[in-house]
Amino acid sequence: MFDGAVCTEVLEHVPDPGLLLRELARVVRPGALAIVTVPFVFRYHPDPGDFVRFTPMGLGRELRAAGFDAELVGGVGGRIAALLLLLEGIHISIKLFVRTLVLAWTAMTPSHRIARLEPWSDWASHAVAVVRRRAVDGA
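Numbering (this note's numbering), first residue to last: 750 to 888.
If you're looking for bench data, these hints aren't it; they were derived computationally from the structure.
Don't take each hint at face value.
The following label-pair restraints were derived from C-beta to C-beta distances [as the list claims (entries may be wrong)]:
id, residue 1, residue 2, range
1, Met750, Thr804, 26 to 32 Å
2, Thr804, Arg778, 26 to 32 Å
3, Val885, Val801, 28 to 34 Å
4, Gly798, Glu772, 18 to 24 Å
5, Asp799, Ala884, 31 to 37 Å
6, Met750, Asp799, 29 to 35 Å
We put the CB at the ideal spot given by N, CA and C, even for glycine.
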């Protein structure tokens, strides 16, 4: 049994995410914390190998069904980052625009820089969950 787990940017790549989450719940001790992240709005969906996208609500539902209780579930990145990721996905060059306006922001893509301005929002580029395994399954 493990005292905790981190599962970041993995669930979208497995054919049965529920099975993976149930296995995660099986291998962590009761009461252990797990941190799970998944992309939500993202420009690249490789085929094969990228199967699903979760909303924050959907991620929470899957985690509860697997035996976890939510400590914190929500979206990060904010509406600006989500919009920029969508725009980048249709090949609009936001990078060049932002670089000309704010030279200090050139080290990262615009969506990642702007995500820092609005860290927790109903609009999200990624869904994040901090969950705790139930002490007694089904309780």
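Let me make sure I understand: some of the numbered hints might not hold for this structure. Which ones are they, in numerical order?
none
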